[in-house]
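Turn these sequences into a full structure, and let the hints steer you where they fit.
The listed protein sequences derive, respectively, from chains A and B.
Residue numbering for the first sequence follows this note's numbering, beginning at 1 and increasing consecutively.
Residue numbering for the second sequence follows this note's numbering, beginning at 113 and increasing consecutively.
Any given hint could be a false lead.
[Claimed, not checked] Lysine to any residue pairs mimicking SDA-like chemistry, simulated, CA-CA at most 25 Å apart: (1) K115/B / H111/A; (2) K165/B / G96/A; (3) K169/B / S120/B.
Hints in this document: simulated from the structure, not taken from any laboratory.
Quantities reported herein were computed from a predicted structural model and do not represent experimental measurements.
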Amino acid sequence: AQSVTQLGSHVSVSEGALVLLRCNYSSSVPPYLFWYVQYPNQGLQLLLKYTTGATLVKGINGFEAEFKKSETSFHLTKPSAHMSDAAEYFCAVSDGYNKLIFGAGTRLAVHP
Amino acid sequence: DVKVTQSSRYLVKRTGEKVFLECVQDMDHENMFWYRQDPGLGLRLIYFSYDVKMKEKGDIPEGYSVSREKKERFSLILESASTNQTSMYLCASSLQAYGYTFGSGTRLTVV
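Rendered as structure tokens:
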């Protein structure tokens with residue numbers, strides 16, 4: 001069965017610092033992996049996804065993630081945090097059919 | 113871009129009322145989903161549908177039902193609203209396993 005673990009429910013960084021949000025997955029099939037962002041009182045917005053091909057995936061707002069099969073990881077990074085990046089971030093893996101399995105989320109705080 | 117529209121952003125209902133949450137998508141997606149989101153619990157799947165008139169229970173279906181009479185519309189029904197159903201409700205649609213598009217959410221308060 002598929003599952004997702006996001007390490008750290010809260011992450012705090014300074015503006016301009018590296019953002020690293022960790023995601024590990026378990027999947028019995030070749031995984032499709034996703035990162036979503038949620039701003040306050042809004043729905044979830046797709047940041048990026050990995051299906052097949054290049055393991056380094058670039059998304060919106062300067063984020064990227066690297067699929068590492070040997071480590072079963074799909075960590076999200078951004079070189080330089082902006083105040084506007086403060087939000088909740090969700091990692092997800094496809095169940096191999098039609099559903100996504102979500103992690104519990106990581107709330108990112110960015111301070112001046 | 114695919115758009116998923118939830119009819120209400122904020123809703124206040126009384127205990128015992130029958131509540132309808134509506135969701136419409138405009139890109140002919142096969143799959144539609146209803147989640148609830150609560151602090152510390154992440155997203156929990158209530159029901160999903162992979163075709164018209166088809167529905168499958170998710171992880172927490174108790175107290176809810178759904179209706180999908182047309183491909184573009186997926187309704188969540190709270191048969192008799194209770195205070196423990198106060199939550200953020202998120203609708204999503206997808207084409208196969210290529211990721212979801214979410215609506216903006218409905219924040220429901222049951223008093």
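These are the hints, each one checked on the structure:
Of the supplied pair hints, the one linking K115/B and H111/A is violated, its CA atoms being roughly 33 Å apart against a limit of 25 Å. Straight-line distance between C-alpha atoms of K165/B and G96/A comes to about 23 Å, which keeps the hinted pair within the 25 Å bound. A hinted pair counts as satisfied when its Cα atoms are at most 25 Å apart, and K169/B with S120/B qualifies at roughly 23 Å.
Hint compliance for this structure: hint 1 alone is broken.
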